[in-house]
Amino acid sequence: MTSLTRFDPRRVAATLAMAGVIVLVAACSSSGAAPAASVAAPAVSNAPSAAASGTTGGGRYGSGGDYGSKPSASATASAGASASASAAAGGETYEVDKASGSVGAYLTGEGGMTLYTLKNDSADTSTCAGTCVTNWPPFTSADEDTLKPGSGVGGKLTTFARADGTKQVAYNGKPLYYFSGDSAAGDTNGQGVKSVWYVAAP
470 MTSLTRFDPR RVAATLAMAG VIVLVAACSS SGAAPAASVA APAVSNAPSA AASGTTGGGR
530 YGSGGDYGSK PSASATASAG ASASASAAAG GETYEVDKAS GSVGAYLTGE GGMTLYTLKN
590 DSADTSTCAG TCVTNWPPFT SADEDTLKPG SGVGGKLTTF ARADGTKQVA YNGKPLYYFS
650 GDSAAGDTNG QGVKSVWYVA AP
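The numbers in the numbering used here rise by one with no breaks, and the one at position 59 of the sequence shown is 528.
Rather than coming from a laboratory, the hints here were simulated on the basis of the structure. These numbers were taken from a predicted model, which means no experiment stands behind them. Some clues are possibly wrong.
What the hints assert, rightly or not - What follows is a list of derived Cβ distance ranges for each label pair: (1) Gly570 <-> Glu613: 31 to 39 Å; (2) Gly623 <-> Asp651: 20 to 28 Å; (3) Lys567 <-> Gly661: 18 to 26 Å; (4) Thr635 <-> Thr562: 16 to 24 Å; (5) Phe629 <-> Gly599: 15 to 23 Å.
Claimed, not checked - Using 20 Å as the maximum straight-line C-alpha spacing, the simulated EDC-like pairs for lysine to aspartate or glutamate come out as follows: (6) Lys567 <-> Asp656; (7) Lys625 <-> Glu564; (8) Lys617 <-> Glu579; (9) Lys617 <-> Glu564; (10) Lys625 <-> Glu579; (11) Lys663 <-> Asp651; (12) Lys567 <-> Asp651; (13) Lys636 <-> Glu564; (14) Lys625 <-> Asp614; (15) Lys617 <-> Asp566; (16) Lys567 <-> Glu579; (17) Lys663 <-> Asp590; (18) Lys625 <-> Glu613; (19) Lys617 <-> Glu561; (20) Lys625 <-> Asp566; (21) Lys636 <-> Glu613; (22) Lys625 <-> Asp612; (23) Lys636 <-> Asp614.
Glycine included, every Cβ here is placed at the ideal spot set by N, Cα and C.
Sequences and hints are given; from them, build the entire structure.
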């Protein structure tokens with residue numbers, strides 16, 4: 470005689486739940502995939518630093534500013550550090566020398582660049598400002614710097630305060646300037662410009 474088993478809903482539910490677990494485990498085992506790691510790998514950047522990508526600017530004549538292309542932030546910081554070191558060591562020495570060419574004898578400053586005077590200026594007073602300063606950068610010097618006359622330069626080198634607070638160098642009281650149109654030592658392209666600019670005579 471065959472015995473009949475009574476239908477039990479709870480037993481069926483438990484059996485189905487157990488079967489689901491077995492199927493899930495089997496599925497994970499067959500895929501061979503490991504659980505995803507929860508730790509993210511650190512990002513690595515190959516971009517150059519701002520300091521490494523900086524470019525240098527033009528040359529500097531005197532301590533009053535840049536002459537040429539504008540320097541980058543990193544170059545400016547480097548120049549500031551150099552200036553501080555220079556001040557701590559007693560400043561820089563700027564020698565004013567004598568040169569000669571087709572315009573006759575004239576004074577030169579840093580790097581042998583030609584120095585000029587402006588006819589409209591009076592003793593220890595500059596009338597060059599604004600865009601004039603862009604074209605005719607004043608020869609400036611800091612308090613801790615030393616001005617040295619070279620061979621054949623018999624006049625007196627002094628400084629006076631400009632309106633912007635910098636100190637401009639003067640020769641026998643005449644304010645001295647460079648010319649943005651000169652690109653190398655020996656250039657005298659500013660001679661006679663507008664009949665007011667002339668090379669500084671020694």
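Against the structure, the hints come out as follows:
| no. | hint | result |
| --- | --- | --- |
| 1 | Gly570 <-> Glu613: 31 to 39 Å | holds, 33 Å |
| 2 | Gly623 <-> Asp651: 20 to 28 Å | holds, 24 Å |
| 3 | Lys567 <-> Gly661: 18 to 26 Å | holds, 20 Å |
| 4 | Thr635 <-> Thr562: 16 to 24 Å | holds, 18 Å |
| 5 | Phe629 <-> Gly599: 15 to 23 Å | holds, 19 Å |
| 6 | Lys567 <-> Asp656 | holds, 14 Å |
| 7 | Lys625 <-> Glu564 | holds, 12 Å |
| 8 | Lys617 <-> Glu579 | holds, 11 Å |
| 9 | Lys617 <-> Glu564 | holds, 5 Å |
| 10 | Lys625 <-> Glu579 | holds, 17 Å |
| 11 | Lys663 <-> Asp651 | holds, 16 Å |
| 12 | Lys567 <-> Asp651 | holds, 17 Å |
| 13 | Lys636 <-> Glu564 | holds, 16 Å |
| 14 | Lys625 <-> Asp614 | holds, 16 Å |
| 15 | Lys617 <-> Asp566 | holds, 9 Å |
| 16 | Lys567 <-> Glu579 | holds, 12 Å |
| 17 | Lys663 <-> Asp590 | holds, 14 Å |
| 18 | Lys625 <-> Glu613 | holds, 18 Å |
| 19 | Lys617 <-> Glu561 | holds, 10 Å |
| 20 | Lys625 <-> Asp566 | holds, 12 Å |
| 21 | Lys636 <-> Glu613 | holds, 11 Å |
| 22 | Lys625 <-> Asp612 | holds, 17 Å |
| 23 | Lys636 <-> Asp614 | holds, 11 Å |
Violated hints are absent here; each numbered hint is respected by the structure.
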